Amino acid sequence: MILDRIPIDAIGVQERVDRICSRSIKKESKLQALDLALRMMDLTTLEGSDSAGKVRQLCNKAMHPYTELPNIPSVAAVCVYPNRVKLAKEILKDSAINVASVATAFPSGMSSLEIKLDDVRYAVQEGADEIDMVISRGAFLSGDYALVYDEIAQIKEACAHAHLKVILETGELGSLEHVRMASDLAMEAGADFIKTSTGKIQPAATMPVVLVMLQAIRDFHHKTGKTIGMKPAGGIRTSKQAIQYLVMVKEILGEKWLTPDLFRFGASSLANDVLMQWVKEKTGRYQSLNYFSND
Amino acid sequence: MSREQELLIIPKTYKNYVGGAFPRTESGRYYKLNSVDGKHLANVCLSTRKDIRNAVQVARKAQASWQNRTAYNQGQIIYRIAEILSGRRHQFEAELESLGYSKEVAQLELESAIDLIVYFAGWTDKVQQVFGAVNPVASHHFNFSRQEAVGVVGMLAPEAPALLGALAMLLPNMVAGNSSIIIASEKLALPLCTFAEVLETSDVPAGVVNILTGKKEELVGHFVSHMDVDALIADPTLSFELRKELEVGSTSNLKRLHFWATGCTVDEIHSTGKSVIENMAKSAKDPYRILDVQEVKTTWHPISE
Amino acid sequence: MGKRKDGPISVSKLFFKRLVRTINIIMSQKKSDSSTMPIHWEYAHAPESTDHVQYEMQYGLFIDGAFSDYDPSKSFDSVNPATGELLYQCTQADEKDVDTAVKAARKAYEEHWGSIKGSIRGKYLYRIARMLQERAREFAVLESLDGGKPIRESRDIDIPLAAAYFFYYAGWADKLAYAFPAKKVTPLGVCGQIIPWNFPLLMLAWKIAPALACGNTVVLKPAETTSLTALKFCELLQDIGLPNGVVNLITGPGQTGEYLVNHDGIDKIAFTGSTGVGKKIQQSIAGRNIKSTLELGGKGAYIIFEDASLNEAVEGIVNAIFFNQGHVCCAGSRLLVQEGVADRVIELLKQRMATLIVGDPLDKNTDVGAINSQNQLNTIQRYVDIGLEEGAECFQCEGNIPSSGFYFRPTLLTNVSQSSKVVQEEIFGPVLTVQTFRTTQEAIDKANNTPYGLANGIWTDKGSKIFHVGSQLRSGVVWSNTYNKFDPTSPFGGYKESGKGREGGVQGLAPYVHLESNVEAEI
Chain G
1 MILDRIPIDA IGVQERVDRI CSRSIKKESK LQALDLALRM MDLTTLEGSD
51 SAGKVRQLCN KAMHPYTELP NIPSVAAVCV YPNRVKLAKE ILKDSAINVA
101 SVATAFPSGM SSLEIKLDDV RYAVQEGADE IDMVISRGAF LSGDYALVYD
151 EIAQIKEACA HAHLKVILET GELGSLEHVR MASDLAMEAG ADFIKTSTGK
201 IQPAATMPVV LVMLQAIRDF HHKTGKTIGM KPAGGIRTSK QAIQYLVMVK
251 EILGEKWLTP DLFRFGASSL ANDVLMQWVK EKTGRYQSLN YFSND
Chain L
296 MSREQELLII PKTYKNYVGG AFPRTESGRY YKLNSVDGKH LANVCLSTRK
346 DIRNAVQVAR KAQASWQNRT AYNQGQIIYR IAEILSGRRH QFEAELESLG
396 YSKEVAQLEL ESAIDLIVYF AGWTDKVQQV FGAVNPVASH HFNFSRQEAV
446 GVVGMLAPEA PALLGALAML LPNMVAGNSS IIIASEKLAL PLCTFAEVLE
496 TSDVPAGVVN ILTGKKEELV GHFVSHMDVD ALIADPTLSF ELRKELEVGS
546 TSNLKRLHFW ATGCTVDEIH STGKSVIENM AKSAKDPYRI LDVQEVKTTW
596 HPISE
Chain U
601 MGKRKDGPIS VSKLFFKRLV RTINIIMSQK KSDSSTMPIH WEYAHAPEST
651 DHVQYEMQYG LFIDGAFSDY DPSKSFDSVN PATGELLYQC TQADEKDVDT
701 AVKAARKAYE EHWGSIKGSI RGKYLYRIAR MLQERAREFA VLESLDGGKP
751 IRESRDIDIP LAAAYFFYYA GWADKLAYAF PAKKVTPLGV CGQIIPWNFP
801 LLMLAWKIAP ALACGNTVVL KPAETTSLTA LKFCELLQDI GLPNGVVNLI
851 TGPGQTGEYL VNHDGIDKIA FTGSTGVGKK IQQSIAGRNI KSTLELGGKG
901 AYIIFEDASL NEAVEGIVNA IFFNQGHVCC AGSRLLVQEG VADRVIELLK
951 QRMATLIVGD PLDKNTDVGA INSQNQLNTI QRYVDIGLEE GAECFQCEGN
1001 IPSSGFYFRP TLLTNVSQSS KVVQEEIFGP VLTVQTFRTT QEAIDKANNT
1051 PYGLANGIWT DKGSKIFHVG SQLRSGVVWS NTYNKFDPTS PFGGYKESGK
1101 GREGGVQGLA PYVHLESNVE AEI
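Chains as they are written, first to last, in my numbering: chain G, 1 to 295; chain L, 296 to 600; chain U, 601 to 1123.
Derived by calculation from the structure, the hints in this document are not laboratory data. Do not take every clue at face value.
In silico SDA-like cross-links for lysine to any residue, where the CA-CA straight-line distance does not exceed 25 angstroms [stated by the list, open to error]:
#1 K226(G) - I639(U)
#2 K26(G) - K723(U)
#3 K723(U) - E711(U)
So, partial list: chain G residues that the calculated Cβ filter (under 7 angstroms) puts toward chain L [stated by the list, open to error]:
#4 A10
#5 L113
#6 E172
#7 S175
From the structure, some residues in chain L lie toward chain G, with a derived Cβ separation under 8 angstroms [as the list claims (entries may be wrong)]:
#8 H553
#9 P597
#10 S599
#11 E600
Nothing here was measured: the structure is a model prediction, and the numbers come from that model. Every residue, glycine too, gets a C-beta built ideally from N, C-alpha and C.
Same shape as in the complex, but just chain G (with noise of 0.2 angstroms):
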């Protein structure tokens, strides 16, 4: 196959972003934007102090965001480490909420693909209905896209039923032109997501970086007919940054990818921001995080 090289100019991919960003949503278009982005979200705990405890409780905040109102949504996933998913995936079986694992030497990626490929399916029998892998930066940085298409296209084989998504880390590549160029290449390997950032990266997930995302799983649908998902994590920690973006995937892919089938979040402190907007929508007074559990 052949990789083009899409030529993208940042400041017109700025000037696009605020113009999207002038977008003024309120009353009903915002509480339906709210309920969309909490069942879009990946709700998600990825420190090396997660214990079972801090991981049922995550749990128990995807499945009652918040007690105080009925017709709260819950969330699409959550989002842990390799040996959390078993646990996560018991007190989630009766819902519909997914278990999504990072895997691949996360976050990183800085191991042998072998380890990377055990890692993988290990979350996948522990349960896990998600894969979020890290492509290879340092391989892809110096050109050799062979190997970062080879390791994906192999992920995706050993996830089986599992959903795949890229993690691109896009912080760590230096232009859009290869955050436009590695999301091809990601969606050509076999990609059902791509998604921009592990969260451990600054920057992680930004404006012009999901433009570029989104506008690639555009083309990808218009040359293929495949509909890839897109996943922007970190750094969305508003309420206001994530209507934001379902603008962005309105005006961009349009209003079939408004699903969680096609469009997550990944974060972890954007839920309480979102309920707090809900509650102020639906009671007219601001709120205070003192009255939103901070699972």
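Dock chains L and U against chain G, hints included.
Relative to the frame of chain G, chains L and U by itself:
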């Protein structure tokens, strides 16, 4: 001199200078020029609308490549004119004297003309530096303005000084990157016609400068109505009627019209020639005239990784 | 797609993997319930508040520092183009009013403004800039109410830029000697200025700021349909205490402008508007020793080469032709796209157009507001009809547009050629013609094949091509990999029949000064 002696000096036939060649006017019409002592000097072309048309055609063709030459090359070409004119200055001085100039004034005009050519030769690679700009816009863009040629320019040379007045119009236009069509002084037409020979033997590409002779009042209308002429230059000593005709007519395609004080009357040359030419030589050295016959082009480009 | 095949990346040995993946996708069809169905999501109405905005129902003229009484015998209406309803009424300045205004300007020039220190003039202009910034939201709402432009644009572009022009030229007032090396700089006197309805306050700023900075006084006529922000601006001038007569405002139709142009007391005319009127003005001032600057029409080409960043190029088109409903003299109204990418560009453009929201100018989500007047709406419709008669194919945005008021859907006309009327003439509406080209030279030739020369756009990823094409295009502005950008430091103006003179930048001072040689040294 006896009649026989005069015939030994071969008199020159004066013609137009268009596209690097010396054609006669298409019309075949002419007017007579006499020397101050009343002797017939030459038959001069009375150019017409068609001569202007032909001149505009070749000027248009020559303009882009003249503009696209490097500034260094343009400067050398203009400087070369000075070299050649300098070598033939005595011929011009004699010609001016035959038209009634004093020896002193004729020499002064030639000296000033050569000076002026050298002066403008030095401007070609400085206009952008002095008058161009990089503009600090309040966004992530690199933005610069440069001077560009306006295109094909028509000129009505003042009646006097015969050569200096015309050069004061031609030189800023050459530096600007324009091609020129200039109507020579009616009464003092000969030196500019002879100057065409200088141009022809210099390195100025054919069509960049074109010289016509004739009556301004006959030709102004054809100049202003021509839709492929981009700008017109005239001297404010022109009659009010002709100036107004220029101003009204040049709106046909929004020609840029400028009145440059480059000349005087023939009588003034005879009476106060020295001071008039000294003043003219000084005021002609005005680089802002180059800007009059240029456009400002501003280019934007984003700055990003 | 535009391909730069300078670095083909072959991973062919893994090609077969894709087959495996396809099978995987089929095998892993996910459970689907109602919570994963895509939603239909429309942006709710998000109107800009008008509570804090006040304006009169009737206005007189602003002459010599004071508003005259509204004169019902000389009244004309200004409607809100978003609804077609009456917004306010103005007084039409007649010959006598114009004379009074010019005399007031002359008096202010001779007795004060023309001779005070540049630093003092600068301070007044700085004050104007600051005051505009303070009252920006109010001016933005008024501009949208009166002219129909989206609040997003009046808020983010028109008003901030107007303030920026005043701020920029304020700084020139005491530095003119540096703008014109070897020249003695003096003002011209009284400037008559006539501005259009597409950017009412911004055009006022473009005109008044440099004129005042150079020491001139002004009589300004806003467009008949958009006087409101100019009138409010005069209130602001009273607040900052600008000396009487320095700025005078005469409202009215074209006739009022003619009185101004024909008045013997003016030293300069600055006009922004159509080429037809510009030529007429130029004729009127012939033989009267009056300087002029003209900013006239345009028919900008928007050239997309096959190696361009197509997504940004498509977004650039939106800025080029749908900005301000296409009421922009420098609009990129002719798309020239290289054949290899033409289909994809048009496809992407149509997708983008589908997301444009046409409607209430005061809604913060509106992308394309109301056409300025019924007249202009008729003109645009007439051109599109002509295009269709000439065989063009027409694509328009779908979606609801308000039932009252003056609206026109963003429109693409394909299957047109150089000889089509819609390609040759300025439409001044949200209508883009689409042509293709094969080679760089063909693009340049087509772009230049017009009597206009205001602005053109180039989209390519190749730097050397930008400089080559840019140098060949005959226009005063070249936007490369961007479009419709404005800045006070950036000279703007046309080649050929798009006008003469520049506004903005150091070059924008020249039309407002008289220069005399100041070279004492031996040269």
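Verification of the supplied hints:
{"no.": "1", "hint": "K226(G) - I639(U)", "in the structure": "holds (20 angstroms)"}
{"no.": "2", "hint": "K26(G) - K723(U)", "in the structure": "violated (42 angstroms)"}
{"no.": "3", "hint": "K723(U) - E711(U)", "in the structure": "holds (19 angstroms)"}
{"no.": "4", "hint": "A10", "in the structure": "holds (4 angstroms)"}
{"no.": "5", "hint": "L113", "in the structure": "violated (31 angstroms)"}
{"no.": "6", "hint": "E172", "in the structure": "violated (14 angstroms)"}
{"no.": "7", "hint": "S175", "in the structure": "holds (6 angstroms)"}
{"no.": "8", "hint": "H553", "in the structure": "violated (39 angstroms)"}
{"no.": "9", "hint": "P597", "in the structure": "holds (3 angstroms)"}
{"no.": "10", "hint": "S599", "in the structure": "holds (4 angstroms)"}
{"no.": "11", "hint": "E600", "in the structure": "holds (6 angstroms)"}
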